[in-house]
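**Q** Dock the two chains into a complex; use the hints.
If you're matching them up, the sequences are chains A and B in order.
Residue numbers for the first sequence follow our numbering, so the first one is 276 and each next one is one higher.
Residue numbers for the second sequence follow our numbering, so the first one is 3 and each next one is one higher.
Treat each hint with caution, since some may be false.
[As the list claims (entries may be wrong)] Cβ-to-Cβ under 7 Å is the rule here; a few derived chain A residues that face chain B:
#, residue
1, Ala388
2, Gln449
3, Pro450
4, Glu453
5, Glu519
6, Arg532
7, Met533
8, Ser535
9, Gly537
10, Glu538
These aren't lab readings, by the way, just hints derived from the structure by calculation.
Built from N, CA and C at the ideal position, the CB exists for glycine as well.
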Amino acid sequence: MKPLDEGRLTVRQAVLLMVILRLIHVIVFLPELTSPPANQDVWISEIISLPIVFLLALPVLALTSRYPEHSLVQQAEVVLGPAGKVIGFLYAWFFFHFTAITLSKVGLFMTAAVLPQTPLLAFTLPLVIVGASAARNGIGPIGTIAEVLVPPILLVVLLVPVLAIKDFDLRMFQPVLENGLGPVLHGGGTIAARMAEVAVLGMIAPLLRRKDKATRVAVGAFTLATFFVLLVTLPVLGVLGPEESRSRTFAYFTLIRMISIGEFVERIEMLHVLIWVLGAFVKLSVWYYLAALALAQATNLPSWRPLVLPLGLLAVVLSIYQFPNLPALIEFASYRIWAPYVLVFTTVIPALLLLVTLLRRTGRRKSG
Amino acid sequence: MTLTSRTARLAALILLLLVFTFGCWNRVELSRLGLLAAVGLDKGQPPDAVRLTLQLIRAGEVKPPAMGGGSSPAVWILSVGGSTVFDAARRAALQSSREIRWSQAYTVVIGEEMARDGIAPFLDFINRYRELRDLIWVLVTKGEAEPVLKAEHELEKIPAKAMDSMVKASYATSFVPAVRLHDFCLALSAEGQEPFAPGIEVIPLEETPSAEDTEGGDRSGVGSGGQGKQRFTFRLRDTAVFLGDRMVGWMDDRETRGLLWVRGEVKNGIIVVRSPGSEAGDVSLEIIRAHGKVTPQLKEGRLVVRVEITEEGNLEEQLSSGDLTKPEMFSQLEAAQSQAIAAEIQASVDKAKELGADVFGFGAAVHRRYPQLWKELGTRWSDEFRALPVEVSVKAKLSRFGLTTTATWPR
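Chain B with its partners taken away, still in its complex shape (with noise of 0.2 Å):
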């Protein structure tokens, strides 16, 4: 074979690979792309099964005013019903004109009416299609989907960012959950472990000026308009239990904390406590760590859960005037945050009970521990639960008192 034609055939192979080199088949430019911020689902208006809200980023918007971003609203809100998820994901084609980019959303947003009727159907979609990702936000909203997204924020300018630094931040109170569709997921598909999402939902803001006030500069006009459009913010409120995939009722903060507790996922907040002593007046403690152990034993071929949960926190706060920085007062401080901390536990034993539905993993933890019996509880586990004793065990300790030592008070 001489060089040449080995050039030439070498030549002839790359001009062929050439041809299958045209890497950018779906190629989309970013200013023909609506990003999607944040979806909600609703049940639909028959014949739709299902009503979608989607929250799209405006990208121009974005940039603040001085770098030449528009004051407009950031983010466009549309609405749609479909048959199906996608169904409804892509008749928002009609209205939209940018192409609908899944893949950077924050949160999905489920309203409690289809939660309550079993969201499996329409989780499957948003599991399946391979631009979202596990790791968005699920939460529940008491009421519908779709004036939470329409809802705004007025510290962000896309509503669904701030969704996602607040669910990020829940550790702060440990009064709502933080679950991703990952957990949500996994909860549902495992066994003697119940769902939960933590709840959303929608306030009124003060009501706006007319256009024309904030047009013509005046400020003098805020408050007399009366007009105006009323605007609404939204917050992080309660958790929403399911059982499988059906909603069955919500659990207020202190509950949810207890959940929390039990499975270890308090990492920060504070518990407030009666000031120990004769005096009135609330001592705030911060939760410095906490762990939380589930272990089911049978006592006497009786199945029995105990939790023991590990907690340090610090005094740091008082409103009462007492010297509460002695040995003996931090010891009834600290007998103080025990029984609180094991009230929210039996507060939220008593709520899942009552519901049915065992958020906690313990039936999870019967599979793990006694397998052979899990077989035989497994299937009318629900019912057992609502049986089940627990023995809640809590050893809180305090470990430090900020930087004051008493409270400066009126002599």
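For reference, chain A alone in the conformation it holds in the complex (with noise of 0.2 Å):
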């Protein structure tokens, strides 16, 4: 089984992709404020879920040592034979999934909080038709794309606490752990479960140009990813406090509203916008390209690229379906349905495979 895809990915290429996949959730909808903790240790929460998002990603990791020229849909195959092209078709509707919420995402915020008198559409059309392009280029092309369009980003996140300094205050994080260890646990476990990136990693190893690097991209995609979380969520806590950036909508925009600087440095909320639509631009591409080629593998085609333009359409019909307004959005996007989801994807599926590789592996010796 070829990986179809003669594109390949830098480490730096594939931990910027990974890194953004999660932060432009982040900079919109905040998911953290409200699943547990819930309160003033959310960011312990942020921190705690790093190690855990680890061994969540363990499985992961051991099938793409154990199998380095193979994505996980093509592993399930290797693993469990014409039974795993079951598994490769749930991850071709999991991308597919995730091209659409994506979608959603971008079309809700713009139609809730820019441009309300504007339909829906002609904010996910374009965005569709350029995020098909970057698919059927292929994982190359995303890559360079996000190699220029992600390091902005990057620097706005890094510049907004700067900027929020004046009316950041330490006391809104006191009392720390005010309910306990065990609600903070509970929040780094939910965390580390929306994590979908573990899956991405599995099915962009064989892509690396060095495939013994899969660990590393993991190790610097989620530190890194953790980091900039953080960076999203301290001011926001800090400024708003708990109770305030829980009971807003778009806690970072919100906050990113405030700033101020001797009326000078104001309004630089199109800054996020802007941020945000280029990130979705990248996120969507993932994901839409990642539908396509999960698909092309679990039914052995020649080529990714004409399922492309199908799956978009597809896609566009499910953002609207599923997510006819914003609560829905919301709601599926809380920690107790998509942690779980996710979970499955990254984390359950592929200990099952490993789990049967090394029954099989024992079984083997014992026979023989």
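**A** As structure tokens, this is what we get:
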């Protein structure tokens, strides 16, 4: 089985891609605020989530080191034979579903916060067309896009805490561990379980220029992503406080709207919209490409390219059908639904595959 | 794939994308906009729940007359009733020729009656509406908001701009707080912290001559008219204290400064103390910098709040004749300064306890230091606060005495 795509990613490109996948959701929806512990201790949960996500990524990393030439979808077929195709289809659905979710996020945020009178499709259709172009070109160009677009986005996220420091109040973080360690650990678990990037890692590992670097990509991406998520969460909590930030639909957006330095540096919220649209485009391209690639690999098609446009149209339909309004999206994105759903694809299925591999090996050794 | 077919595809794609690039979907020209400068919230006449007063900028009149601006008022005020704030805001379109844009508003002025009935339902729109920012100033007026917005300011063409500048300059006295919508909502939603907002009141200006007198250019008629319209202006005064979202009372200027000492928000101001020694006469001490710290403590199982203030001031004026620049005089002045600050804080604490409203955030400090104890006290904090012992300690020092040593005084 070939990986289908001739394009290759450098370690840096892979890390940037995985960071932006996580960060783009956080800078708009900041789901951490409403998942446990849902108070001023959220930032502790975010730090705790880092070691937990490495644990959750272990099966994927073990599989990629065992089958460095194969993506997660192909590994399923190698391990389970034709039955593995079912798992391939499941992954194709998963990435396709995330394509639709990303489209919904862009459309619903833009219509809720920026341009309320504009039809939703005016945002999602151009995005899906540009995304289709990226997805057809393959992982190489997507990696190059990430290398160009992601650093400026990260720069803005670095800049915002500096601009918001005037209203920052350390007392907002007290009392620390108000309800003990339990809710904070629970929060760390749900935050780690949300990270669908683990499945992305399983798909792009064979597309790395250096296939032995998958673990390094994981360490770099999760550490960097957690750092930037903290750079978003800490100012929001320190300025808005836990109660106010929970009641804001887009807490980070609200924070950026509050920036006013010398009545000169102010009303810079369009900066947020800019990095959000750019980042969402990169993010959409990745999901979209992976959806087509996973489906092509599961069906043993010679190329994923013919699948791109039909999948895009279906994704637009699904995005409108599943999330007709903002509450539907926020309900789905809450930790109760999102985290277990993602966990199936990031840890449960890879762990099962790994288990079968290990059992077969031992079985063979006994009979042989 | 040939080059031409590639080019054709690319051209088709670009053309297709052009369909979506009408960037100005909700395009509005500046000349068709009415910029909102201030908004007033009053209780409405039934069946209206709310009466909204809008101060809109007349863009053409803001420029001085020499630059082509008019001499007529630079703002237009309209008052609309509605079932909700947004309802009233949209009903304004039935009267306004221009689309009202909220994004540049300076202040929101809340009428006392509405404030006493509970303000949370009416703040929701102000918070939720995407055109408004959390940086808008919150003011509470004694009486109704409408006359405040109708009042003029003789130094500024746009009265709301004057309110904005006055609130920003409130540090000069620290007799009124400066409260942004963000601060107000933070206090409203926080545990163990009650909101407060500066007060604004309408005061009469001298009566103006009637229109014929001024247009004739005859200045001698000033004061003889009497049939001219009574004009009003406004000033900041006192602090509205809330319990939850309901206003429960006012703090006067000294009580307000007491509150700001505790919160560490005093930046500047004048403390007037009696001149030490046998002589009569007051002395002005200017506050240069101040710091306030609140520490809850458990003493023998009893909750006590310690308030520590450190302050540094300068002697800037004396109405007496003695030489105050001697070390022993300075230490007497320092003691008097400390006493004055402690008295302001005590007055403030007494008033807040009387109202049952913890505007200082003592409860929040207890929550931070003793989260377990707070779980028990938090639910009945208003009552606990009334009985809370507050220990005040002030370390105030004087550094300098201006450009003279002794007052110039007849021999």
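**Q** Are any of the numbered hints broken by this structure? If so, which, sorted upward?
**A** The structure conflicts with hints 9 and 10, although it agrees with all the remaining ones.
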